[in-house]
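Visitor: Here is how the chains run, residue by residue.
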Amino acid sequence: MKRRNFIKYLASTGLLGYVASGGVQAAFAPSVRYLRPPGSHDEAKFLSKCIRCGKCGESCPNRAIKFFSTENGITSLDTPFIIPREQACILCMKCGDVCPTGAIPKIEHEANAIMNDVQMGRARVDTHLCLSYQGKTCGVCYRACPLQDVAIRVGMLEQPHVLDKCVGCGLCERSCIQIPQAIRVIPEHKG
Amino acid sequence: MENEKLEPSSKLRHLNKLRWLSLTIVFSMLIILLFVHLYQTYEAAHAYDLLTPTEKMISDTVETLTSPFVKDPEELSVIKGNTWSGTFFGLKISDPLSVLGQIFASLSFYWPFVLTALIPLIATLLLGRFYCGWICPATFIYELNDNLAAWLRKAGLPVSRRKLDRRIKYVVLAVGLVLSVYFGTVMFGSIYPPAIVGREIYYAIALGGFGAGAVFFLLTLLFDLMVSRRGFCRYVCPGGALYSLLGRYRLFRIKRNVATCNDCAKCNVVCQFGLDPLQDDFGMECNNCTACIAVCPTDALSFTVSMHDNKYQGPGHLGHKYRKENEG
Numbered sequence: 001m002k003r004r005n006f007i008k009y010l011a012s013t014g015l016l017g018y019v020a021s022g023g024v025q026a027a028f029a030p031s032v033r034y035l036r037p038p039g040s041h042d043e044a045k046f047l048s049k050c051i052r053c054g055k056c057g058e059s060c061p062n063r064a065i066k067f068f069s070t071e072n073g074i075t076s077l078d079t080p081f082i083i084p085r086e087q088a089c090i091l092c093m094k095c096g097d098v099c100p101t102g103a104i105p106k107i108e109h110e111a112n113a114i115m116n117d118v119q120m121g122r123a124r125v126d127t128h129l130c131l132s133y134q135g136k137t138c139g140v141c142y143r144a145c146p147l148q149d150v151a152i153r154v155g156m157l158e159q160p161h162v163l164d165k166c167v168g169c170g171l172c173e174r175s176c177i178q179i180p181q182a183i184r185v186i187p188e189h190k191g
Numbered sequence: 001m002e003n004e005k006l007e008p009s010s011k012l013r014h015l016n017k018l019r020w021l022s023l024t025i026v027f028s029m030l031i032i033l034l035f036v037h038l039y040q041t042y043e044a045a046h047a048y049d050l051l052t053p054t055e056k057m058i059s060d061t062v063e064t065l066t067s068p069f070v071k072d073p074e075e076l077s078v079i080k081g082n083t084w085s086g087t088f089f090g091l092k093i094s095d096p097l098s099v100l101g102q103i104f105a106s107l108s109f110y111w112p113f114v115l116t117a118l119i120p121l122i123a124t125l126l127l128g129r130f131y132c133g134w135i136c137p138a139t140f141i142y143e144l145n146d147n148l149a150a151w152l153r154k155a156g157l158p159v160s161r162r163k164l165d166r167r168i169k170y171v172v173l174a175v176g177l178v179l180s181v182y183f184g185t186v187m188f189g190s191i192y193p194p195a196i197v198g199r200e201i202y203y204a205i206a207l208g209g210f211g212a213g214a215v216f217f218l219l220t221l222l223f224d225l226m227v228s229r230r231g232f233c234r235y236v237c238p239g240g241a242l243y244s245l246l247g248r249y250r251l252f253r254i255k256r257n258v259a260t261c262n263d264c265a266k267c268n269v270v271c272q273f274g275l276d277p278l279q280d281d282f283g284m285e286c287n288n289c290t291a292c293i294a295v296c297p298t299d300a301l302s303f304t305v306s307m308h309d310n311k312y313q314g315p316g317h318l319g320h321k322y323r324k325e326n327e328g
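Protein sequences, first through last, are from chains A and B. Numbering follows our numbering, in which position 20 of the first sequence is assigned residue number 20; successive positions increment by one, without gaps. Numbering follows our numbering, in which position 51 of the second sequence is assigned residue number 51; successive positions increment by one, without gaps.
Hints listed in this document are in silico derivations from the structure and should not be mistaken for laboratory results. One should not assume that every hint holds.
In silico DSS-like pairs for lysine-lysine, Cα to Cα no more than 27 Å straight-line [unchecked claim]: (1) B/Lys255 / B/Lys266; (2) B/Lys255 / B/Lys321; (3) B/Lys56 / A/Lys66; (4) A/Lys66 / A/Lys106; (5) B/Lys80 / B/Lys56; (6) B/Lys154 / B/Lys17; (7) B/Lys80 / A/Lys45; (8) A/Lys106 / A/Lys165; (9) A/Lys66 / B/Lys80; (10) A/Lys106 / B/Lys80; (11) A/Lys45 / A/Lys165.
In isolation and in its complexed conformation, chain A is listed as follows (with noise of 0.2 Å):
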């Protein structure tokens, strides 16, 4: 083989790999709602730093840490998630206390500092679905936030507003008695 055709068939390989990398890509792109464990926050960051050695998981006491298979792209793969309509996360900051690597920051276990460092999410109500705004005076994700009256607030007929301060824990999605649940937390990560 010629010198240059070599070039070539290496340049057009190697731009194939590129193209078909880039497909597969895409082809695993996310499509999964789940929040990262409390305290990381942008997506990138988190997967360039996590090396998937589980021990956030093996600390969590509320089991709400999981792993992603190859439902979330080859990226994610092994990497922790939380689903908290399944199981919530409970603030307690195990998690980033034994993390070695950084993706999940070290919080105190204190209210100040969650409310400033720890960002998952924000709950977002349904009005349509929510049970007090048609009338019948629920209030449960207002009594199991852990942030009562700085992350959530009640009206009239216990309807919930969610205020700024809302860190994104899922424990009003997870305890929601409608089906299905009226508030939801929306994921902060860029995924």
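Starting from the structure of chain A, add chain B where the hints point.
Guide: Chain B alone, transformed into the frame defined by chain A:
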């Protein structure tokens, strides 16, 4: 009398038993720690009466075993994690490969994490691939798999022992690093057997089932049986590649004493990494498993302090070849 003289007496030959003890402890710790984790979650839930019978049994067993030592189940968290990254009484220790992967994936140094690899790094610089032989939980399974291969061989089934190019694993390491940069994520965690084993045990015990990594690990076991003896460790493992490089000038290495060697070649047969102790060729791959020391009938192999292997020293002085050459 003749036989008694030949009976080897070196204490070093017991190192292989010690190594098996070490491997067994590491592997069983990976399992035990997860039952401890389950117990901790049961305790945190304050709902003993709501546990299933199996969960109650786990809770009771762990409680009975640990209650003499700790008052609060929370204290059991002093040992956590696996060999990929773990906490040991407040000391965080990580695999150097995980640190290297993170440096390339994030293109930055996160010092608190980089420093967790310091102890393994120094140990590897001194002892070479000792991690592969003494600690790696995958080695535990691979060596048992190699025994299986020996049985299959005896039963007349074909077990391939092909030789490939040792340098393949360096390519795997390099490609892994490039992919880590490209995808911006640590790729090694998914193809590095000790990380997979630690994680899959966790998935199986605490999360109710094996994940995708288990399939990959089974494939590596088949690779070892059908392509090459301990093939994955020798030719593919990126961690093995990194440790080989780091252990290039290791200080403690096994060497052959040509004066007491009798050319029996038992060392070459027993070496799962396919090295050639008989010709003084240990190279970067030797994982200090000490199997050759244990099998040597004349104690010709032992640890020495040296930065380099010997060049081939010629046939062993107790062997026929040497005698013929010197008498004739």
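Visitor: With the threshold set at 27 Å, check whether the alpha-carbon distance from A/Lys66 to A/Lys106 stays at or below it.
Guide: holds, 19 Å
Visitor: With a cut-off of 27 Å on the C-alpha distance, tell me whether B/Lys56 and A/Lys66 pass.
Guide: holds, 23 Å
Visitor: Would the hint linking A/Lys106 and B/Lys80 be met if the CA-CA limit is 27 Å?
Guide: holds, 17 Å
Visitor: Holds or violated: A/Lys66 and B/Lys80, Cα atoms, limit 27 Å.
Guide: Answer holds: A/Lys66 to B/Lys80 is near 17 Å, not above 27 Å.
Visitor: Given the hint that B/Lys80 pairs with A/Lys45, does the C-alpha gap stay at or below 27 Å?
Guide: Holds - the C-alpha atoms of A/Lys45 and B/Lys80 are around 25 Å apart, at most 27 Å.
Visitor: For a C-alpha distance cap of 27 Å, please report whether B/Lys255 and B/Lys321 respect it.
Guide: holds, 20 Å
Visitor: Starting from B/Lys255, check that the Cα of B/Lys266 is at most 27 Å away, please.
Guide: With Cα atoms ~15 Å apart, B/Lys255 and B/Lys266 stay inside 27 Å; holds.
Visitor: For a C-alpha distance cap of 27 Å, please report whether B/Lys80 and B/Lys56 respect it.
Guide: The given pair, whose Cα atoms are some 22 Å apart, holds under the 27 Å limit.
Visitor: Would the hint linking A/Lys106 and A/Lys165 be met if the CA-CA limit is 27 Å?
Guide: Holds, because 19 Å separates the two Cα atoms, which is no more than 27 Å.
Visitor: Take a quick look at whether A/Lys45 and A/Lys165 sit within 27 Å of each other, Cα to Cα.
Guide: holds, 23 Å
Visitor: Assess, step by step, whether the Cα of B/Lys154 is no farther than 27 Å from the Cα of B/Lys17, and give holds or violated.
Guide: holds, 25 Å
Checked against the numbered hints above, the structure violates none of them.
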